[in-house]
Amino acid sequence: ETGVTQTPRHLVMGMTNKKSLKCEQHLGHNAMYWYKQSAKKPLELMFVYSLEERVENNSVPSRFSPECPNSSHLFLHLHTLQPEDSALYLCASSQDSTSGLNEQYFGPGTRLTVT
Amino acid sequence: EDQVTQSPEALRLQEGESSSLNCSYTVSGLRGLFWYRQDPGKGPEFLFTLYSAGEEKEKERLKATLTKKESFLHITAPKPEDSATYLCAVQSGANSKLTFGKGITLSVRP
Numbered sequence: 002e003t004g005v006t007q008t009p010r011h012l013v014m015g016m017t018n019k020k021s022l023k024c025e026q027h028l029g030h031n032a033m034y035w036y037k038q039s040a041k042k043p044l045e046l047m048f049v050y051s052l053e054e055r056v057e058n059n060s061v062p063s064r065f066s067p068e069c070p071n072s073s074h075l076f077l078h079l080h081t082l083q084p085e086d087s088a089l090y091l092c093a094s095s096q097d098s099t100s101g102l103n104e105q106y107f108g109p110g111t112r113l114t115v116t
Numbered sequence: 015e016d017q018v019t020q021s022p023e024a025l026r027l028q029e030g031e032s033s034s035l036n037c038s039y040t041v042s043g044l045r046g047l048f049w050y051r052q053d054p055g056k057g058p059e060f061l062f063t064l065y066s067a068g069e070e071k072e073k074e075r076l077k078a079t080l081t082k083k084e085s086f087l088h089i090t091a092p093k094p095e096d097s098a099t100y101l102c103a104v105q106s107g108a109n110s111k112l113t114f115g116k117g118i119t120l121s122v123r124p
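Protein chains in written order, with the working numbering: chain V, 2 to 116; chain E, 15 to 124.
Bound-form chain V, shown alone (with noise of 0.2 Å):
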C-alpha cells in the first residue's frame, strides 16, 4: 500500500448505529487530519492530530470522535448520527502540522450516507 488509504470506502449507516471510520498513512508523516466535504461547501477541517496529540478540534459534535493510536493510522468513531452528517469524509497526513509548509495528501474518502 503507498500513500494514505482509508476504509471502508462507502458506509451507509442508520442514525442509531455505531461505526468507525480507518485511515493509514504510509508516507511515514506525522500530522494526519479530518476533512468533511459536502457539495458546494470548501472542505470543513474537523480534527488535527501532531504525534498523536490532538491539537485541533474545530467545533465538532460530540457524535464524531477520532482516536489516534500511533502516528500512522487515525480513527473515526460515528454514533447517533444525523442525516446532515451524510457528506464525503476525508483524511490527510503531512509531514508537520506545526511548522513549516503544512502539505497534505488525502485519501480517497469515505462516502458516508446515513438514512
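Careful: at least some of the hints might be erroneous.
As the list claims (entries may be wrong) - Here are the computed lysine-lysine pairs in the BS3-like style, where the Cα-Cα straight-line distance is at most 25 Å:
| id | chain 1 | residue 1 | chain 2 | residue 2 |
| --- | --- | --- | --- | --- |
| 1 | V | Lys23 | E | Lys111 |
| 2 | E | Lys111 | V | Lys41 |
| 3 | E | Lys111 | E | Lys56 |
| 4 | E | Lys116 | V | Lys37 |
| 5 | V | Lys20 | E | Lys83 |
| 6 | E | Lys82 | E | Lys93 |
| 7 | E | Lys83 | E | Lys56 |
| 8 | V | Lys41 | E | Lys83 |
| 9 | V | Lys23 | E | Lys93 |
| 10 | E | Lys77 | E | Lys56 |
| 11 | E | Lys56 | V | Lys42 |
| 12 | E | Lys56 | V | Lys41 |
| 13 | V | Lys42 | E | Lys111 |
| 14 | V | Lys37 | E | Lys111 |
No lab work stands behind these hints, which were simulated from the structure alone.
The hints should help you fit chain E onto chain V, whose structure is shown.
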C-alpha cells in the same frame, strides 16, 4: 480570518481551448498556496505549492502562478482527461491549518 475565493464556479472548455482558473485569497502572512485536483468520488490529489509572489510551477498542461492577492492555474490545450474539480488552499503564518476554496469544476469536451 483567512479567506479563499475561487472563480468561476464552473468552466466548460472545448478540447484545445486554453484558459485560466482564479484563486483570490486574503491571509495574514502567506506561508504557502496549494493547488489540488479532485476527481468525482475521490480525494484531492496534490498538484503544486507556491511560496511567494512571482513564483511559477508547471506540470504537463498546467501552470500555476502567484501574486500577492491571487493565484492562477493556467491550462494550455486541455484534454478531456483534465476534467475535474480544482481546489485552491492557503496556509498563513499565523495558523498552520489550510483554508480551502469551494473549487472550480472544469469540463473539457472532446
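Keeping to a limit of 25 Å between CA atoms, is the pair of E/Lys111 and E/Lys56 held or broken? 21 Å, holds
Checking one constraint from the list: CA of V/Lys23 to CA of E/Lys111, max 25 Å. Satisfied? Given that 25 Å is the threshold and the Cα spacing comes to 22 Å, the pair holds.
Does E/Lys83 sit within 25 Å of V/Lys20, going by the straight-line distance between their CA atoms? 43 Å, violated
Straight-line alpha-carbon gap V/Lys23 to E/Lys93, limit 25 Å: 35 Å, violated
Pair hint E/Lys56 and V/Lys41, alpha-carbon separation not exceeding 25 Å: 16 Å, holds
Given the hint that E/Lys111 pairs with V/Lys41, does the C-alpha gap stay at or below 25 Å? Holds, at roughly 21 Å.
Given the hint that V/Lys37 pairs with E/Lys111, test it: the Cα-Cα distance must not exceed 25 Å. 15 Å, holds
Check whether the Cα positions of V/Lys41 and E/Lys83 lie no farther apart than 25 Å. Given pair V/Lys41, E/Lys83 holds - Cα atoms ~23 Å apart, limit 25 Å.
Please verify whether E/Lys56 and V/Lys42 have alpha carbons no more than 25 Å apart. 16 Å, holds
Going straight from one Cα to the other, do E/Lys83 and E/Lys56 come out at no more than 25 Å? 29 Å, violated
Can you confirm whether the C-alpha distance between E/Lys77 and E/Lys56 stays at or below 25 Å? OK: E/Lys77 and E/Lys56 at ~23 Å, within 25 Å.
Satisfaction of hint between V/Lys37 and E/Lys116, Cα-Cα up to 25 Å: The hint holds at about 13 Å.
Checked against the numbered hints listed earlier, the structure breaks hints 5, 6, 7 and 9; every other hint is satisfied.
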